[in-house]
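Participant: Here the sequence shown is numbered in the working numbering, starting from 25 and rising by one per residue.
In short, the hints are calculated from the structure, not lab data.
Among the clues, some could well be false.
Stated by the list, open to error - Straight line, CA to CA, 25 angstroms or less: simulated PhoX-like cross-link-like pairs of lysine-lysine:
(1) K503 <-> K462
(2) K537 <-> K642
(3) K537 <-> K551
(4) K256 <-> K100
(5) K527 <-> K551
(6) K100 <-> K127
(7) K784 <-> K543
(8) K467 <-> K527
(9) K166 <-> K150
(10) K418 <-> K471
(11) K251 <-> K272
(12) K323 <-> K383
(13) K111 <-> K418
(14) K303 <-> K256
(15) K321 <-> K251
(16) K537 <-> K527
(17) K725 <-> K763
(18) K445 <-> K381
(19) K309 <-> K272
(20) K533 <-> K503
(21) K551 <-> K695
(22) K150 <-> K111
As the list claims (entries may be wrong) - DEER-style ranges, computed between Cβ atoms:
(23) T440 <-> R486: 56 to 62 angstroms
(24) E137 <-> A164: 21 to 27 angstroms
(25) A510 <-> T440: 48 to 54 angstroms
(26) V457 <-> A164: 28 to 34 angstroms
Where is the CB? At the ideal position from N, CA and C, for every residue including glycine.
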Amino acid sequence: MRQNMKYRIQNAEYRGKRQWFSYLPSVICGFLLITLIAVSGCATTAGVQEERQIATLTAIDITDNTLNINADKPFKYTIYKPSDPYKTIVELPDMRLGIAAGKIKSEKAGITEIMPSQTDEPLLTKLEILLSSPAGIVPAYKGTLLTLNVINPEEELKAKTTEKAAEAPKAEETKVAAEKIEDAFKETKTAETAKPEEKPKAAEKEEPALPKPPAQKELHPATSIVKVSIEKEQDVLKLIIKGNGALKPNVFELDSRTVLDMPNVTLDAPLPKAQSPLKGLRTGKYKDKTRIVLDMKEKASFSVTAIEDSVIVAFQLSEKEIYAAKAEKKAETATGGEVKTEAKAQTAEPEKPVEGKYKGQKISLDFQDADIGPIFRLLADISGYNFVIDPAVKGKITLKLMNVPWDQALDIVLQTFGLGKSVEGNIVWIAPVSMFAKMSDEKTKAKDVEEKAEDLMQEIIRINYATSSEISGAIDKGKLLSSRGAVTIDNRMNTLIIKDTQKSINKIKELVKVMDVAKPQVMIEAKIVEVGSNYSESMGIRWGGNLGTASPRVGFGNIDIASGTFSVNTPIVTAGSAATNPGGVLGLSLGSASTVQVNLSLSALESVGKSKRLSNPKIMTMDNEAATIQQGVSIPVQTVSAEGTKTEYVNATLSLGVTPRITPDGYVQLKINATNNALGILTPQGYAIETKSVNTQALVKNGDTLVIGGIYTTNTSEGEEGIPLLSKIPLLGWLFKTKTQTGPNVTELLVFITPTIVTKP
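All chains, full assembly: derive it from the sequences and hints.
Facilitator: Written out as structure tokens, the structure is:
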């Protein structure tokens, strides 16, 4: 029985094992099938996931106002702005660059250039967009198309200003383009699949860092205005507002007022007395800001600059105010003392720009703690000049300028950072002032080295018209010789012997070419005529008496003479009898007349025997060289002294000295010295010499005649003849005597001078 039970158990175990083995192939097949399905499903899922993440950039299209970016699949994007307002960065993660890499040039939508690039780890396509001017970017994404709308902030600002011109501007409405651009780029957008934390990482990783400016002390926002002052310098009146921190003013105009709003500050300083063009200063609290109102006498252009803890409002003065300021400054300088100390302090400061010299397009700028590099790029775009910025030019500035010329804004930034500029053609190079000074020193040293290394040459220069001494003096004054050069004068041959470098010799040749020219000559024709006073009036000249101008028309026979314009005679001595005033009278009058008219008048007077021509000399002289015409006698005069009696000669002559100078417009300026020395009465010591002279200057047109008159003499003589004794009886004496009187006889001397320019002898 036990054996049967054992057999049954063994038989059952055998059947169970055989049944399990019969299911084994099915189990294995099922397991393999499940494995294949799982592997296939995982591969499909991974493929779908990979297909969703990797996209390819297929096209970049630029229209008038938009930039279109196309891909073959949906994608995510990031847009941000670096510190350069002319650049925009678009990053496309998990996207391949399906177009050719290289610069894409454009003249549309305010875009000048697009630079696409791709990085593999991580996979990223980046587009660097360069703008022609600072502008805002507004993205629009749909499907596989990203559209970037380029917005010009200046047009947007003009539109807002037009809509709200009647309202008082608010602080946020007066911000200028640069600040709006920063606000437009602060927000970076991505598709819904993008994670916010990925944006700054992409920007920090891919964007090349700009050179870091030197560390500057950060100013906290001001809470109080600690000082308000007014300064007047040159042609500008400055209102300076100083705070205990950085001030952010909002400035606008209302009618004849200029308004400054200072948010979140209090005024803890007195206001100064107003000066022209300011009529008054007022202040008040307006909501959360301090408002300073500047009442203007008249509308004046102004600029506003916010630098560190100060706000400077500069008003352009009118011409009348500039003249008054200069006069006041001269008066203060004359008093000395404290004024001299102030003048020294002013000379130590850098030169202030003069607003009158700025002619550039007027702009408005508003920057808060901005790098100066992009500001220079903005000014370059506005001015049309090419700017080259030295790598040493770095720094940050806070400024606000309203309606100022761009070149004045440039000078303000340059002076703030101690920079200088050099303009060559349409290129402006900006660098520290010390660098320009260093370059100047290096050029001077290089020039000295070059001169010392250059060979010395010798050349003989012959002078034609000038003198060698005159040319040598001009060479010395002009410092045309190098340190090794020398000049030798040969007066006999009127020649210069130059030994110097070829460069210096060429400069001397240029000087000789300018100076060694033939001077024009002047032919001077003089007519010295003696006439009676009544006939001198006939010629249109009135001697003595009334002040005024005589211009009558008088006929001589068949000749009708029209006079010119003449000045007034100025008598020196009144006339009298020959006994009391034998010397006569000396007067002077100048006038000009046509040469033809003068000749006709003299011919008419001579024809009736009423004039006497004393002299008619002609003389040629060089420009600016004196010429003398003299006629008369030398009278011997005996003098007695301890040495004995000796004879001296005194000239009794009629002389005329003339020095002509030709003006560039064809006139001749005459310097005239006329004298008339004549034999006078006999005295116990000898004959007296009557001397009359005139010194004057006049401007005459080439070929016209200058008339000098008023040298005249009045002679009166009285005589009595009678029977001795009987002629002395009162009353009855007239029966035995005769009384004669002659005169007054007036003799006038007229001098006519006609200069004629002779260009070639």
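Participant: With a cut-off of 25 angstroms on the C-alpha distance, tell me whether K323 and K383 pass.
Facilitator: The given pair, whose Cα atoms are some 19 angstroms apart, holds under the 25 angstroms limit.
Participant: When you check the alpha-carbon spacing of K309 and K272, does it fall within 25 angstroms?
Facilitator: With a Cα-Cα distance of about 16 angstroms, the restraint between K309 and K272 holds, given a limit of 25 angstroms.
Participant: A range of 28 to 34 angstroms was offered for this pair. Does it hold for the Cβ distance of V457 and A164?
Facilitator: violated, 49 angstroms
Participant: K537 and K551: Cα distance at most 25 angstroms?
Facilitator: Given that 25 angstroms is the threshold and the Cα spacing comes to 39 angstroms, the pair is violated.
Participant: Holds or violated: are the alpha carbons of K537 and K527 at most 25 angstroms from each other?
Facilitator: Holds, at about 16 angstroms.
Participant: Measure nothing beyond the straight line between the CA atoms of K537 and K642; if it is 25 angstroms or shorter, mark the hint as holding.
Facilitator: violated, 33 angstroms
Participant: May I ask you to test the hint 48 to 54 angstroms on the CB atoms belonging to A510 and T440?
Facilitator: holds, 50 angstroms
Participant: Are the Cα positions of K725 and K763 separated by 25 angstroms at most?
Facilitator: violated, 53 angstroms
Participant: Hint check: K418 vs K471, CA-CA at most 25 angstroms. Holds or violated?
Facilitator: The hint is violated at about 32 angstroms.
Participant: Quick one, are K533 and K503 close enough, alpha carbons at most 25 angstroms?
Facilitator: holds, 14 angstroms
Participant: K150 and K111 were given as a pair; does the straight-line alpha-carbon distance stay at or below 25 angstroms?
Facilitator: Since the Cα atoms of K150 and K111 sit roughly 13 angstroms apart, the hinted pair holds (cutoff 25 angstroms).
Participant: Do the alpha carbons of K166 and K150 lie within 25 angstroms of each other, as the hint requires?
Facilitator: Since the Cα atoms of K166 and K150 sit roughly 19 angstroms apart, the hinted pair holds (cutoff 25 angstroms).
In this structure, the hints that do not hold are numbers 2, 3, 4, 5, 10, 17 and 26, in rising order.
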